[in-house]
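Protein chains: 2
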Amino acid sequence: MAVYTEVSDEALASFLGDYAIGELVAFRGIAEGVENSNFSLRTTQGDFILTLYEKRVDPADLPWFLGLMQHLAARGIACPRPVAGRDGSALRRLAGKAAAITTFLPGIWPRRVRPEHCAPLGAALAALHRAGEGYAPTRANGLGPGAWGPLLERCDTTGEAGREMAPVAAELRDGLKPILAGWPRRLPSGHIHADLFPDNVFFLEGRVSGLIDFYFAATDFYAYDLAVCLNAWCFESDSSYNVTKSRALIHAYDAARPLTREERAALPVLAAGAALRFAATRLYDWINTPAGALVTRKDPLEYLRRLRFHQAATGEAAYGF
Amino acid sequence: MAVYTEVSDEALASFLGDYAIGELVAFRGIAEGVENSNFSLRTTQGDFILTLYEKRVDPADLPWFLGLMQHLAARGIACPRPVAGRDGSALRRLAGKAAAITTFLPGIWPRRVRPEHCAPLGAALAALHRAGEGYAPTRANGLGPGAWGPLLERCDTTGEAGREMAPVAAELRDGLKPILAGWPRRLPSGHIHADLFPDNVFFLEGRVSGLIDFYFAATDFYAYDLAVCLNAWCFESDSSYNVTKSRALIHAYDAARPLTREERAALPVLAAGAALRFAATRLYDWINTPAGALVTRKDPLEYLRRLRFHQAATGEAAYGF
Chain A
0 MAVYTEVSDE
10 ALASFLGDYA
20 IGELVAFRGI
30 AEGVENSNFS
40 LRTTQGDFIL
50 TLYEKRVDPA
60 DLPWFLGLMQ
70 HLAARGIACP
80 RPVAGRDGSA
90 LRRLAGKAAA
100 ITTFLPGIWP
110 RRVRPEHCAP
120 LGAALAALHR
130 AGEGYAPTRA
140 NGLGPGAWGP
150 LLERCDTTGE
160 AGREMAPVAA
170 ELRDGLKPIL
180 AGWPRRLPSG
190 HIHADLFPDN
200 VFFLEGRVSG
210 LIDFYFAATD
220 FYAYDLAVCL
230 NAWCFESDSS
240 YNVTKSRALI
250 HAYDAARPLT
260 REERAALPVL
270 AAGAALRFAA
280 TRLYDWINTP
290 AGALVTRKDP
300 LEYLRRLRFH
310 QAATGEAAYG
320 F
Chain B
0 MAVYTEVSDE
10 ALASFLGDYA
20 IGELVAFRGI
30 AEGVENSNFS
40 LRTTQGDFIL
50 TLYEKRVDPA
60 DLPWFLGLMQ
70 HLAARGIACP
80 RPVAGRDGSA
90 LRRLAGKAAA
100 ITTFLPGIWP
110 RRVRPEHCAP
120 LGAALAALHR
130 AGEGYAPTRA
140 NGLGPGAWGP
150 LLERCDTTGE
160 AGREMAPVAA
170 ELRDGLKPIL
180 AGWPRRLPSG
190 HIHADLFPDN
200 VFFLEGRVSG
210 LIDFYFAATD
220 FYAYDLAVCL
230 NAWCFESDSS
240 YNVTKSRALI
250 HAYDAARPLT
260 REERAALPVL
270 AAGAALRFAA
280 TRLYDWINTP
290 AGALVTRKDP
300 LEYLRRLRFH
310 QAATGEAAYG
320 F
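Top line first, the protein sequences correspond to chains A and B.
With numbering that gives the first Met the number 0 applied, the first sequence covers 0 to 320.
With numbering that gives the first Met the number 0 applied, the second sequence covers 0 to 320.
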């Protein structure tokens, strides 16, 4: 469910009056997404997405996110392009929330990842990284390695909601130390998506037709973004690692943006860190999602199992290099 | 949230292969609706809605619902038109559920009802009733007066979930008797929508551009459908009755399908029955919705207050006649 805020007809009509994008034709809530409220919006000039930014997004970061999307779209990346109002500003307010209209992207996100998805994904990720060069503002990764320890500290496994997760939390805390000790000090860096899961990648006729949801994007190691994708795209539902998918993803990335020796060597620790990051936020949400909330809790165990795989990986060969 | 069933890419591709509606361009879940899973589907030939029928809809009723929509659409009603597959059948299966593709309708449902909505609504309702004539199959109203007593009996107000609702349940049970005693034996009848709430009516430039969600439709008194609309469109959020809206709705209906003397006289009891029907289903859902469910419970008290208004109405004048 991704409509947390209702928009009245009058407010919508008034809001659209600030744009030169034609007359309203249709307006529907979109079910996908969990962070913000999204609507598909059709006008006499075409299709758009209206996003109302909900509480997990810091409004102070929005100009950076929208600026990045604008920059990427102008360089040919198939990402949502923010649409400016008549006054030139794309970031506006609606129904008491920060709001923006972006362009509509065709395509379907893969409900089940197949090996054929992974090479186009790798190439698209590398293209995203290269296109981001030249966007001068930076954004520190609020969910980078420095945040994982404090996040795990805030997972209370003594209360009723968290007790069943105590062994998971303990294993994640133990796993964190060697990750932080082995974390690279320097690697090629730039703007990364940081959350490029299958539901954020649209495909059409076997090609990537859209990359969406840039609201975790940050300035960090490029190879960490690749490590997030290895976690999100290459494990099967039984938690086994599909090295065919991994090899396709990595090689297509490497062909478009060659990985350095240091990046390749760092893959196991980066992948372990990425698995821990998603396990930790899922654990936190699991413990802190009130009963009756409109959001489905995701099992942290799934990412703990991925972490174990990466802990056992001795080098880049584990990923198909 | 209205995506209960996920559809895999392969299943969708195979399903669409059974239609001659072009190639897939986009596929998104729709947030609106609570009974079924709905997706917006774009192909190279246009826009469609894909519906997977979930457990509240009896599969045996689906041919009747789809046949009614086909009949109405062919007679100029702006309702979803079922799209037949290559074999001529519109009712198919996908992801283990009964499924159908219908045409996309432009427009926006009113988040806040204004008096200007009510005359177009009344005219559209009358047009719907007239257009339904000639559709020979009938469907008994499973949520008609005969169902209300048994439904209230199944509202357990002795357990923890229902205890707070005991006074509401008692008042509904008391209210039911005079409604059943005064219920008309004969009134002009035909196919009714039976759930024409604002979120099922799209408007565009002040005109009704779409009527959707026919999955409570049945063969029953036309004036009962009008009574449902009076409940759903004419009360303000403080439960006061807006007779300006009511008058606009009724007069526009009456202009297109003149109400008989008997129908006008029956309005108070029909409206009371309609209020009781929605109060009763909301009460049942309130008590029986498990904590943590993905559906927002609706307060039955809202419709109990409407019932009280209708109980105090002495005749058609209360509704603006």
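Source of the hints: derived by calculation from the structure; they are not laboratory data.
Keep in mind that the hints are not guaranteed to be accurate.
It does not matter which identical chain is used: a pair holds within one copy or between any two.
[Claimed, not checked] In silico DSS-like pairs for lysine-lysine, Cα to Cα no more than 30 Å straight-line:
#1 LYS297 x LYS54
#2 LYS96 x LYS176
#3 LYS297 x LYS96
Hints, verified against the model:
With identical chains, the CA atoms of LYS297 and LYS54 are at most 30 Å apart both within one copy (19 Å) and between copies (24 Å). In this assembly of identical chains, LYS96 and LYS176 lie within 30 Å of each other by CA distance neither inside one copy nor across copies; the values are 39 Å within and 48 Å between. In this assembly of identical chains, LYS297 and LYS96 lie within 30 Å of each other by CA distance both inside one copy and across copies; the values are 27 Å within and 25 Å between.
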